[in-house]
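**Q** Sequence:
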Amino acid sequence: MERLCDEVLQLIFYELQDPTSFTLVSKRFYQFSQDPYLRAHYFLCRYGPLQAMFHALGRGKLLTERMLDILISSGAHCSRYLIQVAMHHYFHTQTHHFLRSSAWVRSVPLPVFLHFMQIASNRYDDIPRGKGQDDGSIFAMFLNESRYPPSQKRVSWETVRDMIDKYHFFPFSVKDPIMAHFPLALAIEPRLLPYAVANGFRMDSKYRDFVFRKMFENVEASDRKPEDIVQNVTELCRLDSTMFLTRTVAAEICMEARANDVGFNALKRLNKGGHLLFDLSVLVQDLLKLFLKTRSITSANAQNVIRFLYSEFPSSDPAVRLVVLLTVFLPANSLNNVAVATIKSRLEELKFGPVTKQDLYNLLIHPFTDRCESILNYMRTEMVSDQGHQGLSEKEINRVVNDVAARLVEIDCKGKTLKKLCDSFPSVHEVIARAVLDAHQIDLHDLPQADDTDACARFRVKLCRDTNFRPSELDYFWDSRATIAPTSSKNVEPEEMHGMAEAVDTPELGEIGQESLTTMIRQDELAPGRNRRRMSYFSSYTDFLSHLPLEPLLVGRWVKVEYGPRSSVAAVFMTHAILNENSSIIRDYLLSKNSATVPVTLKHFQMLARMNRPINYNIIAYLLSCPEFYRSEEEYLSQCEAIKRTEFKKVKNPSSISLPQVSVVIPQNSLFTRGRKRPRRNAATTIQSYAVPDSDDESKLMEVEEEVKPLDTKERREALNLQTWIKHLGEVLKTEQARLRQRKKRLEEENPGTIIPDKNIFVRSLSSELRLLRKHNRERYGHQPKENDVPVDEYDDDGEYVYRGTRTKKARVNNA
1 MERLCDEVLQ
11 LIFYELQDPT
21 SFTLVSKRFY
31 QFSQDPYLRA
41 HYFLCRYGPL
51 QAMFHALGRG
61 KLLTERMLDI
71 LISSGAHCSR
81 YLIQVAMHHY
91 FHTQTHHFLR
101 SSAWVRSVPL
111 PVFLHFMQIA
121 SNRYDDIPRG
131 KGQDDGSIFA
141 MFLNESRYPP
151 SQKRVSWETV
161 RDMIDKYHFF
171 PFSVKDPIMA
181 HFPLALAIEP
191 RLLPYAVANG
201 FRMDSKYRDF
211 VFRKMFENVE
221 ASDRKPEDIV
231 QNVTELCRLD
241 STMFLTRTVA
251 AEICMEARAN
261 DVGFNALKRL
271 NKGGHLLFDL
281 SVLVQDLLKL
291 FLKTRSITSA
301 NAQNVIRFLY
311 SEFPSSDPAV
321 RLVVLLTVFL
331 PANSLNNVAV
341 ATIKSRLEEL
351 KFGPVTKQDL
361 YNLLIHPFTD
371 RCESILNYMR
381 TEMVSDQGHQ
391 GLSEKEINRV
401 VNDVAARLVE
411 IDCKGKTLKK
421 LCDSFPSVHE
431 VIARAVLDAH
441 QIDLHDLPQA
451 DDTDACARFR
461 VKLCRDTNFR
471 PSELDYFWDS
481 RATIAPTSSK
491 NVEPEEMHGM
501 AEAVDTPELG
511 EIGQESLTTM
521 IRQDELAPGR
531 NRRRMSYFSS
541 YTDFLSHLPL
551 EPLLVGRWVK
561 VEYGPRSSVA
571 AVFMTHAILN
581 ENSSIIRDYL
591 LSKNSATVPV
601 TLKHFQMLAR
611 MNRPINYNII
621 AYLLSCPEFY
631 RSEEEYLSQC
641 EAIKRTEFKK
651 VKNPSSISLP
661 QVSVVIPQNS
671 LFTRGRKRPR
681 RNAATTIQSY
691 AVPDSDDESK
701 LMEVEEEVKP
711 LDTKERREAL
721 NLQTWIKHLG
731 EVLKTEQARL
741 RQRKKRLEEE
751 NPGTIIPDKN
761 IFVRSLSSEL
771 RLLRKHNRER
781 YGHQPKENDV
791 PVDEYDDDGE
801 YVYRGTRTKK
811 ARVNNA
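Residue numbers for the sequence shown follow full-length UniProt numbering, beginning at 1 and rising by one.
Think of the hints as simulated: they come from the structure by calculation, not from any bench.
Incorrect hints may appear among the rest.
Said to hold, decoys possible - Below 20 Å or equal to it, Euclidean Cα-Cα: the simulated PhoX-like pairs (lysine-lysine) are: (1) K225 <-> K166; (2) K603 <-> K420; (3) K462 <-> K603.
What the hints assert, rightly or not - Restraint ranges, calculated between C-beta atoms of paired labels, are given here: (4) A332 <-> K420: 15 to 23 Å; (5) S546 <-> K714: 44 to 52 Å; (6) Q358 <-> N721: 50 to 58 Å; (7) Q358 <-> Q387: 24 to 32 Å; (8) S427 <-> V561: 16 to 24 Å.
For every residue, glycine included, the Cβ atom is placed at its ideal position computed from N, Cα and C.
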């Protein structure tokens, strides 16, 4: 280190946050650090020209007159605003918020500070020193008056221009709040940008949306015109090539197009003049398509905006047509059915064109369509029937309702709609049952093969989808083949795309949301100012973006009430809920206290084993209640049919009723009476004990085997059911483990050196749940499992949980 040249030491010196310790290493380093040139350039290299003077004034004990001269001559930024704040702080005349708890310039010796003021006087002559007369206060006043009419503003843009140009106004510290608010001046007056750039200002890309939002802000008291906004936008984009209006801000302007007509008209003029990097009509189309899947379409404000934007930019896109039809047939401000005349007048105002039967089918199956009467009434009067006359007959209406009901069973949130259709059209009940049993009944051979892991992971059945499942855009249409439309970026052939069209695909144009411009401006203002340059967000998600209605009735729950828990329709829904891991439906089917349960069968576990999916916790909670064992749903469905036939015969011929003699046979070698002896007749008498209290003899007598409470008939049946479940689930586990061993052996032979796991998700889940069932059986019924009840490899993954039977307690007899 001692032999290093001064240039290398200088580079090391510049990289240190606090060089004090480095200067104390040797006398040479200390003498080297006393050089005024080195000290001045340390602040310039460490903090940059814009903040070098601010940090140098904060190290007053190091600052000298020579250092100040070197800093000024080397390009350190020294604005009049910095000098004013330094004088206020040094002489305690005014307190600035970001310097309230800092000594800053007060540590500078008085002769050095007098030299600093002499330099300031030579550069700027007379400097305003009064409270509120500094450049920062004037600039803040200019920002606060941005929403005032020009006649009421106290600070003109020329005054701010002179401050930036002549007096080099610029925030001198990142702690200064003006640093975060400085880009606002460019939104108010873009002509200030060249002067700010001359002082070292560089526009951050994250300020872009912040600036353009303020340009298009809806100011009620202002007399701005669209021409003023267009001029500011074009001027700012001309002065800085990195500044352009993004799709994010344009979508926010469109969301308040009715309230902010000045901003929306300016946006249309920019689009017409070719100053946008995207097509505004395509943006509006993409914006309207966002409402297809969100609950915000049910709000009155959103519906007004949708109809207004469609009238300004009509589109033939099927998704846009469906969104507009939702606002026409299901207005948010009306809870009753809309008259056909009202619907026709609204469609004529929008110049919507003819409404096809496909449009109405799409409308009927939409998740947010909760009233079908208006649509059916419109079909009765305005649609063309198959015979060619206007208006559908009741027979054709019934056919439409039956087709729609068969499709609605696949949309989980349409339980209320199905209930209304069943009440109004009696044939819907049978149609739904036939559609479910014909199209949605599933068996083991319908599932992908267990070895095809990718197909098993992607496989989803159509009924009882999980509430977190978000459908694709095609799920909202009756015929997906006729509604597949290319995206906006694919509408143009590659050879026809110009430079502006190519820029549409760049990620810098931003994403679009459903928030309005005013909402995002308020969000910008509420956010911490100094953190604004680190944020890059475009929208705040709310509950209105949910893809489900507010209080939906799930189709699975309605089916259980309508068809009964022991029906074939409910059995199909139960199978789909288990395969889709729909916890809410499974809980309602198995653990509901208000109605009977839909049984779980062994086939459900076999399906989960085939698909390699975990067992839902509600199923195990149901098995802990010791339900009856069924191999498949055919067993309990056949029992229900037999009971119905028996009840029908009883009602038909009550005189021929013969009560069968029922005999209950209790096996002697029962599993529950093992190890018990018949008590003697004198067991009920008082037994005298000769043991001394609190002695060892009393503790020995406590080791006598406790009598097990005899089980009644219900408990015997429950215990037998639980043990039957444990036995068959153990067999399923053995079968799956054997298959995995064979698969592992085959894969290791095909790919030597590859690590193949011994267990999959289902095996681990079933192993854990079987331990829980056996523990429950042992604690409640006192059953000790046999050796063949436990699979060989069941506890390989966690050996510390291996169950070992305890030794039977024997009575100890002391022969005195």
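**Q** Give me the numbers of the hints this structure contradicts, sorted from smallest to largest.
**A** 1, 2 and 7
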